[in-house]
Structures are given as C-alpha cells and as structure tokens.
Amino acid sequence: DGGITQSPKYLFRKEGQNVTLSCEQNLNHDAMYWYRQDPGQGLRLIYYSQIVNDFQKGDIAEGYSVSREKKESFPLTVTSAQKNPTAFYLCASKRDILENTEAFFGQGTRLTVV
Amino acid sequence: AQRVTQPEKLLSVFKGAPVELKCNYSYSGSPELFWYVQYSRQRLQLLLRHISRESIKGFTADLNKGETSFHLKKPFAQEEDSAMYYCALNAGGTSYGKLTFGQGTILTVHP
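Here the protein sequences come in this chain order: A and B.
Using my numbering, the first residue of the first sequence is number 255, and each one after it goes up by one.
Using my numbering, the first residue of the second sequence is number 319, and each one after it goes up by one.
Treat the hints as calculated values from the structure; they're not laboratory data.
On a predicted model such as this, the values are computed, not experimentally measured, just so you know.
C-beta atoms are modelled at their ideal positions from N, C-alpha and C, and glycine is treated no differently.
Among the clues, some could well be false.
Coverage of chain A stretches by chain B, computed from C-beta distances (three or more under 8 Å per stretch; other residues unrestricted) [to be verified]:
1. 263-277
2. 280-291
3. 359-366
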C-alpha cells in the first residue's frame, strides 16, 4: 500500500524538551515538505527537501530542524527553541521539485506541549 | 518572495447556488498554481492545477495574470463540496520548488 505515513498521530511534550515527528513515504518521491497548520493561518512551510542530503528553510524554520539521510524519510525535530510548538503538523511529498506535480499529504501529527 | 492570499476564511452558500473561492498571489515569475481540498477526516488532496485547464467535480479555475488571481468556481454547489480549500503556488528561481499555501477557506454548502 503506497503512501506517506506520519507518526505518531498525537504527541505530547513537556516544555523544554525536543521531540521528533516521523514522516515516511514509499512513493519514490524526491521532494518532501513539512508544514504547520494553525486555525486561521493555513499551511505554513517549515522546511522542504528537493533531494537526499539537501534541504531548505521555509517561511517559519526557527525552532525546527530536519534531516534527509534517506529518500523515503524526512523527520522533523521540534526543539525547545520553538516558542509556540502546539500545532498540527503535515508532511507532504512530490515526485520531484518540478512544476505541476501533485503533492501527497500524510494524515498529520497533532503536537501538544503540556 | 511569493505569497498566496485567500481573503475569505469562511464561505457559506445554499445547494445549487454558484460558488467562488478567491485566491490572489504575488510572485515575480511565471506562477504555477493549484487548488487543494481537505474533506472532513480525509487527507489534503489535489483538486486541480492551472496548467491542466481541467474541470474537476464541476470546479474550474482560471489564471488571471493581470489581476494575479486564480479563483475557484463552481456554477451549482453541492453539499458534498463542503470542505476546506487551499490555493497553492509552486515557485521557481531562487526559491525553486517552494510550495506555498494560502490561509484556506472553509466552504459550507447548506441543503
């Protein structure tokens, strides 16, 4: 069953702790993305990666870090430096970075800081 | 820097009425624009892309470069159209591959 999988679905974190959100795809896609979804603010881009071992900052990268060691995996770490980490996080992938290819999305991870 | 603006957070219409979801963009290059939709309890998915000039589920969207708009339209709304709609822009140039979304519009179609 091909697709993009995010885990866990719900995640709780204590203030001051780092936490890593998983995103895996078996679509053989080159490009991967992380977004944050907040009510009234839509999807805001955190980081994106065009290819293995390469990634770029999006619009709200502060307090986040990523790695792209494998084509199928693009984990996102929410660090203690992120001032307001409670949010819904979406991962997406595209066949390539080029124009007009469709982005496929995961089911999302809801992170709550307690 | 590219930007996508959807001015309406909420839009309500009655079944059978026409619907238009607005999308404006700012981008210095040639834009590549999309509409994505998220139905209740489902993943965000592609609805249509401007390059295809297609009609999906009765929806169409025309790129107007003069007005920098890519509004989504449907002549007769159906209850199953109720969802969150996002307009998105794929960048080139120095931001090659950056996929930017608008704030989203929640469409509710009443019976």
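Each hint, compared with the structure:
Counting residues of the region 263-277 of chain A whose C-beta lies closer than 8 Å to any C-beta of chain B gives 0; at least three are required, and the coverage claim is violated. Taking a C-beta to C-beta cut-off of 8 Å, the region 280-291 of chain A contributes 3 residues in contact with chain B, enough for the three needed, and the coverage statement holds. Counting residues of the region 359-366 of chain A whose C-beta lies closer than 8 Å to any C-beta of chain B gives 3; at least three are required, and the coverage claim holds.
When each numbered hint is compared with the structure, a violation occurs for hint 1 only.
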